[in-house]
Amino acid sequence: MLDKLLGGEVVSAVKAVGNIVDDLWTTEEEAMTLELAKQRLAQKADLIQAEINKVEASHRSIFVAGGRPFIIWVCGAAMAYNYILRDLMAWVITNTGEAVSIPPGIDMDQMSAVLMGLLGLGGLRTVEKLKGRAK
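If you read the sequence shown in the numbering used here, its first letter stands for residue 84, the second for the next number, and so on.
Just so you know, the hints here were simulated from the structure itself, not pulled from any lab data. A few of these clues could be false.
Under the rule of at most 35 Å between Cα atoms (straight-line distance), these lysine-lysine pairs were calculated in the DSBU-like manner [stated by the list, open to error]:
{"#": "1", "residue 1": "K127", "residue 2": "K137"}
{"#": "2", "residue 1": "K121", "residue 2": "K214"}
{"#": "3", "residue 1": "K214", "residue 2": "K137"}
{"#": "4", "residue 1": "K121", "residue 2": "K137"}
{"#": "5", "residue 1": "K127", "residue 2": "K214"}
Assemble the whole structure, with the sequences as input and the hints as a guide.
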């Protein structure tokens with residue numbers, strides 16, 4: 084809105100002056116405190132999500148506790164089909180001379196992203212264990 088009233092040059096000059104004032108009046112200690120606060124907020128969100136995951140995993144109902152394992156098994160089965168079974172079936176169909184079309188493939192882009200997201204969290208834990216930081 085100020086761009087339209089005052090023009091872009093004036094607004095960018097005001098922003099530049101504001102940045103200089105921030106640099107002059109913000110000490111290293113304040114900047115480090117702010118960075119530490121940001122990291123604590125990010126860590127708090129991760130800890131809350133981890134607690135939610137524990138509660139879900141310990142739930143009596145298979146529909147709640149089995150959600151993540153189900154997704155992992157579905158993605159694993161799709162990968163097994165797409166990269167092993169489909170190729171074997173195509174090889175058999177080609178070598179037997181049958182007039183049957185080769186089975187369709189599965190688009191694994193989105194499924195791989197979901198699987199890597201689920202398994203990536205476990206991978207970070209493995210890195211912590213290897214570095215000796217895990218409890």
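Would the hint linking K121 and K214 be met if the CA-CA limit is 35 Å? holds, 25 Å
Taken at face value, is the distance from the CA of K214 to the CA of K127 at most 35 Å? Roughly 22 Å between the alpha carbons, so the hint for K127 and K214 holds.
Between the alpha carbons of K121 and K137, is the straight-line distance 35 Å or under? It holds: about 25 Å lies between the C-alpha atoms, which stays within 35 Å.
Would you mind confirming whether the straight-line C-alpha gap from K214 to K137 stays at or under 35 Å? holds, 24 Å
Against the 35 Å threshold, does the CA-CA distance of K127 and K137 hold or violate the hint? holds, 15 Å
Hint check: no violations occur; every hint is consistent with the structure.
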